[in-house]
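Colleague: Can you make the complete structure from the sequences, with help from the hints?
The letter at position 6 of the sequence shown is residue 6 when you use the working numbering, and the numbering goes up by one with no holes.
Honestly, the hints are just simulated from the structure, not real lab data. Beta carbons: idealized from backbone N, C-alpha and C, even for Gly. Treat the hints with caution; some may be incorrect.
What the hints assert, rightly or not - Under the rule of at most 30 Å between Cα atoms (straight-line distance), these lysine-lysine pairs were calculated in the DSS-like manner: (1) Lys-256 / Lys-153; (2) Lys-78 / Lys-257; (3) Lys-79 / Lys-246; (4) Lys-232 / Lys-78.
Claimed, not checked - Label pairs and their calculated CB-CB ranges: (5) Lys-24 / Met-145: 33 to 41 Å; (6) Leu-57 / Asp-32: 22 to 30 Å; (7) Met-145 / Lys-77: 15 to 23 Å; (8) Gly-185 / Asn-134: 39 to 47 Å; (9) Asn-139 / Lys-200: 41 to 49 Å; (10) Glu-143 / Ser-40: 41 to 49 Å.
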Amino acid sequence: MRKFSMFLLSLQLNKVVKTNKTMKTLETKIEDQYKLFFDSVEIDHNTGILGKVEDDLKDKIRFSGYPYIGTQYLNAKKKILFFGSDMGTDELADQNTYDNLETRRSAVRRPSVLDHHQLIGAIYTISLGILKDNKSWNNAYVELMMHENREIKNVLKSEDICEILPPEVLDYVAFSNVHKFVTVGRDRRSGVKNRGWYNKEEEIELFCKEIEILAPDIIVFMGESEISNNKKILLEKLDSSKVIVKWMTHPSARAKKDKIVGRFNKIVNDIKLRF
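Modeller: See the structure below:
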């Protein structure tokens, strides 16, 4: 019996080692692709300042940061990649730099879901709903749906509900932005200031390569109205036979109906009907 237990432990350890190696390979591919992008549009590797830009924008535009990739992304039964429109704020302006893979992960993945803001709360809820059947998270999802008429950010301010919700859900997903730049020093997320192309050809190529490397089963675009001008362009780059694509109004939109828990459940159900 002891030998059998040791055998099972050995198998588990080997699986962890293999996953870590595979994850490292994925991260290296992402980093290498972004480095090529940096060189193609003349981004300073230290500060993230964009060099290939019109003269009046020189020293005013910064690369906003690497994507978030959960540590268990490759182990998800269904790999989910979320895309927002743009970062919105110059998050590391005080350090005159941008988030790499590790600092992005640290900023997003917290010990508790308590006080996740509206966007991360929506990503969390949709991910939990899609992955719950494979991770024994059904009870947590049922409990969350008891608050279907409340805004998710307010639900996640309750310590009682947060004690029930598994914080590791975000370990199994990834998210990025269609537009990769932010105005230096920008401190407000609202508005369309950086929702456009500075080097369209190179940025769309990066968008395609990012999807190719992450190889998601499901892509959720958040902010349909913000991305709508580019919807045709982006869809042309996606093979709909290989990936489920869902467009949704941004979860931080002004209308309350776009922010409530029940709305995200409808999105989950719509996606799962297409499995």
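Colleague: Need the list of violated hint numbers for this structure, in ascending order.
Modeller: Every hint satisfied by this model.
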